[in-house]
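Chains as they are written, first to last, in our numbering: chain Y, 238 to 543; chain F, 238 to 543; chain U, 238 to 543; chain A, 238 to 543.
Please note that the accuracy of each hint is not assured.
One copy or two, either will do: identical chains are not told apart, so a pair holds if it fits within one copy or between any two.
Said to hold, decoys possible - Listed next, the in silico DSSO-like pairs over lysine-lysine satisfying Cα-Cα at most 30 Å (straight line):
no.: 1; residue 1: Lys-322; residue 2: Lys-529
no.: 2; residue 1: Lys-322; residue 2: Lys-244
no.: 3; residue 1: Lys-343; residue 2: Lys-244
no.: 4; residue 1: Lys-463; residue 2: Lys-244
no.: 5; residue 1: Lys-537; residue 2: Lys-463
no.: 6; residue 1: Lys-343; residue 2: Lys-521
No lab work stands behind these hints, which were simulated from the structure alone.
Protein chains: 4
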Amino acid sequence: MSVDYHKILQEIEEAILPLKGDGEIATYIPELANVDPDKYGLCLHCFDDQHYVLGDWNENFSIQSISKVFTTAMAFTLIGKEIWKRVDVEPSGDSFNSLVLLENEKGIPRNPLINSGAIVVADILVSILDNPKNDFLAFVRKITDNPTVDFNPKVAASEAAAGFRNAALANLIKSFGNLENDVERVLDFYFHQCSLEMSCYDLSKAFLLFANHGVLPHSGEQMLTKSLTKRVNAIMQTCGFYDEAGEFSFRVGLPGKSGVGGGIVAIYPQEYSVAVWSPRLNPKGNSTLAMKSLELLTTKTGFSIF
Amino acid sequence: MSVDYHKILQEIEEAILPLKGDGEIATYIPELANVDPDKYGLCLHCFDDQHYVLGDWNENFSIQSISKVFTTAMAFTLIGKEIWKRVDVEPSGDSFNSLVLLENEKGIPRNPLINSGAIVVADILVSILDNPKNDFLAFVRKITDNPTVDFNPKVAASEAAAGFRNAALANLIKSFGNLENDVERVLDFYFHQCSLEMSCYDLSKAFLLFANHGVLPHSGEQMLTKSLTKRVNAIMQTCGFYDEAGEFSFRVGLPGKSGVGGGIVAIYPQEYSVAVWSPRLNPKGNSTLAMKSLELLTTKTGFSIF
Amino acid sequence: MSVDYHKILQEIEEAILPLKGDGEIATYIPELANVDPDKYGLCLHCFDDQHYVLGDWNENFSIQSISKVFTTAMAFTLIGKEIWKRVDVEPSGDSFNSLVLLENEKGIPRNPLINSGAIVVADILVSILDNPKNDFLAFVRKITDNPTVDFNPKVAASEAAAGFRNAALANLIKSFGNLENDVERVLDFYFHQCSLEMSCYDLSKAFLLFANHGVLPHSGEQMLTKSLTKRVNAIMQTCGFYDEAGEFSFRVGLPGKSGVGGGIVAIYPQEYSVAVWSPRLNPKGNSTLAMKSLELLTTKTGFSIF
Amino acid sequence: MSVDYHKILQEIEEAILPLKGDGEIATYIPELANVDPDKYGLCLHCFDDQHYVLGDWNENFSIQSISKVFTTAMAFTLIGKEIWKRVDVEPSGDSFNSLVLLENEKGIPRNPLINSGAIVVADILVSILDNPKNDFLAFVRKITDNPTVDFNPKVAASEAAAGFRNAALANLIKSFGNLENDVERVLDFYFHQCSLEMSCYDLSKAFLLFANHGVLPHSGEQMLTKSLTKRVNAIMQTCGFYDEAGEFSFRVGLPGKSGVGGGIVAIYPQEYSVAVWSPRLNPKGNSTLAMKSLELLTTKTGFSIF
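Extracted from the complex, chain Y is given alone in its bound form:
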């Protein structure tokens, strides 16, 4: 498939101009509220390390829930199918619904990409890893091929200070016996993973792994099995966008994951990985401009997984 990505990105940049200013930045985590809401960056990575960029593509931002894909992949690597005894793979609907379902299903979260599921995955990593935070950081640095990727301790602290809802989820899960470690310890790990800062360049590079059957393009190393990679992609497809998974699938048609920091990353298997960042969110918590950019990308390139 021969596509002029450069030209398509120009067209996207023009097309989204009228939408700048749509949406609101997340404010429930005080540190996130300090971000310039009008930032916009995009980076599309192909396998030959060719990449195409727009705007603030090289600026770090808080990846937030996108980190859940990394912890899920790492836990899946470490314990394999055992992970599915602790968390399911079904879409969850909205946040309220997810609390109800947690109760209905006796502490088994609906999937690893919502908060409750990510807390269980965090618990798995805290149980297995010697130095959970360091070991996880090393994993992310390796797949990103960037040793400077790091947590933002101020953001982590800010999340902890405002994290009563996550503490409620963790305690509810613990009451059902699906949390092995202390609530505080698990949440400390979880708040740190959410505070990871990466640029669009870093993110799109890291996600090439999922577009490439589990092989790191820069080293050729098979980090995840092909089967595991396929499954992580399937979960992103059905569960990656809170209560807009269907909408994203419908409009964009690629597996992906969003975060309240305004980032969205998506992959087109065997072809590219793309990360977009724009802090203003739509009412369902996904970046307005990033959603639109990706919709335009798949429309203009003419290929989606469907």
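Given chain Y, put chains F, U and A in place with the hints provided.
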């Protein structure tokens, strides 16, 4: 991609042998309970009309909810994006959840592939078509290229007689103002569409349309636009399997749709369409052997959309 | 207890003056929307047939859900404790919640004073009575000692035409096997019972029965056993005011029942029965002025059941 | 009313004999699981300090949720109607439902006698009192007229160690802004209040207050206003028995409160207060024998509030 489908189908037939007898047939519709539970058929269709078959591939069965893909495609063709003012595209969780969400969202069903959504789509068709049942039948016969496809009036009557839950849904939707026609008229159409009988051969042939960017392979006619086809596939991917959409995506990785008659149809875009039929269902209402057969198919062929 | 009811009613009339105009009349049943929203009537009945009145106390209005107390008492009389196999006695929260609970509890409504429960009670009466509507009317006329009490066929027809939500409930109950008769037949009875028209005088007279251990004061006849009467009162106390049962118990402290026609009736056992009518409703569907009048009544008389 | 309580208690003792052994003791708090499940005590207190007893009436047990009536009364005394800005007065249904409603109603618990509501009341006391635990203990000792009433620190510690569900509730409430103090501090108070140990004698004596318009019979002191007392009784009536409030109202017909330690206390205004203790619980969490004993008591004495 050069794949020996013939050999793979043999392997599937062997592999599922030990699972025969797993699951229970649907009994809530008396007519469905009369089916031989040990039937098993499979038909995989490629674009050159090459097809590969197993067992009872040429025997008619009740396609039930698979018909929802046909009505959705037909309504989408007739009124375009207007359809999304009446029904959403998000996954729904289980049947109970779907009732709750219907209430929460003021009569807008979560997606067109669950009962409530299909009832709204039926209402759309009843409003627009001159002879709703006949016109719909003509549409299905055309894409199937089989003029003998028909409703089973005994099954339709049996569904009506046991259809109190669907009558509850239709009345609840009507109470929110999202049903234009009489409840009885809409349900009559709905019970007939569910009673459609097709073979695995028919079904896989009809679904080639969705694997082929909306073009009928046998005639070359563009029935649906490429964009519309992509969107129907995305909805099948996230909403096609009741509360097992994630599981199916995870294990099989193809867009598809199941019915309580024991049929499942799935597509691999640009390559094939496949229908499997086996009446015994797992606890979530999807055919046990059909699910397994499709999982084996994508594992053995080595390709999924992810 | 020697209380100057005459004086207390004057004080109530003055005290509620500033609240006139608060609230909105029910409009979902077209016929009810035609009522003068500023009507206000009150009648307090003691056992010696002494009664005290205010305003439009002698004007007929649509008693709506208050009729559920009559059908419950009648069904209880006819089949005794068997009724509790079909309907529970627990409070239900709001209308949405009641739909959820109906599902959770497999078609057993939470109590006989919400719509779903009253539909089951209607089904019981339709099964047992030779001429359900006539026999029920005779029962009400007898306890009211007024042979002119009657249904309003226009209101009944109006309810039927707008009764999709009740049809949804009836079908859902039928799908769980908790409805013996045809949905249409049960709803016809139900819509008629709701259309009963009575004055505050009639209503307070009829409810003396419940204040008097089941004995009709005007004839001395024991219509209900003492035990049954106590139980009906207990149900009114916990379930008589939709999602404001606690609030009514808290502010008024008497067993009672309200209807969307704006009527509320309450009893003080062994002492009096009181009916108030004012069509403007608060957001939870109970008459604003009637609630306030009864709160003032128990505050000023100084006696409540607590 | 001249009633031979002595004789009635004998009859109750005989009548419940065949039911001994029915139900299971609560085991989720390890310390509670150590209680002899076959204990049974009853004490009925009249105003003249006359009291009638059965079995283990003078033995201390863990009053658990019965303590919520004391904290509600104390908070009501301290801040008056302001309490109703923080907690509602409506019945809640089961525990699951109560979590859902907490979410639906933005952190305002349904009533002060369920866990979430009692946690908010605990928060109010922690904010106002200088030494919350000591001051609350002093309040209970005063109304009980027994300076030896005390917390059981082992039970409090056991509740804390198993208190993940309560921690979930407290954090969820905090996330909605309806908790002023640290979650840990509020829960420490809450777990202590639940660990209070009293005998049937103590409990029935303490509750005379609520049967006596707020006046302590032993000292004549007006502890609560008459109006406040009436309102606390109304809340007990509609909310005192988890998801069996209607059943208790229906069978017993008195305001009361139960605890998972197996205690139930109820009052007949102006006449008596009665406490029963038997650790075996029915599936809804209320003491089987205590429920039955109170049903027999109101049947045999012939008077209930209805």
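Hints versus structure:
Taking the shortest Cα distances, Lys-322 and Lys-529 sit within 30 Å of each other only across copies (20 Å), while inside one copy they are farther apart (36 Å). Proximity of Lys-322 to Lys-244 under the C-alpha cut-off of 30 Å is found in neither arrangement, the shortest distances being 46 Å within a copy and 34 Å between copies. Taking the closest pair of Cα atoms, Lys-343 and Lys-244 never come within 30 Å of each other, the shortest separation being 51 Å inside a single copy and 43 Å across copies. In this assembly of identical chains, the alpha carbons of Lys-463 and Lys-244 lie at most 30 Å apart only when taken from different copies (22 Å versus 32 Å within one copy).
For the homomeric pair Lys-537 and Lys-463, the shortest alpha-carbon distances inside one copy (29 Å) and between copies (13 Å) are both at most 30 Å. Taking the shortest Cα distances, Lys-343 and Lys-521 sit within 30 Å of each other both inside one copy (26 Å) and across copies (17 Å).
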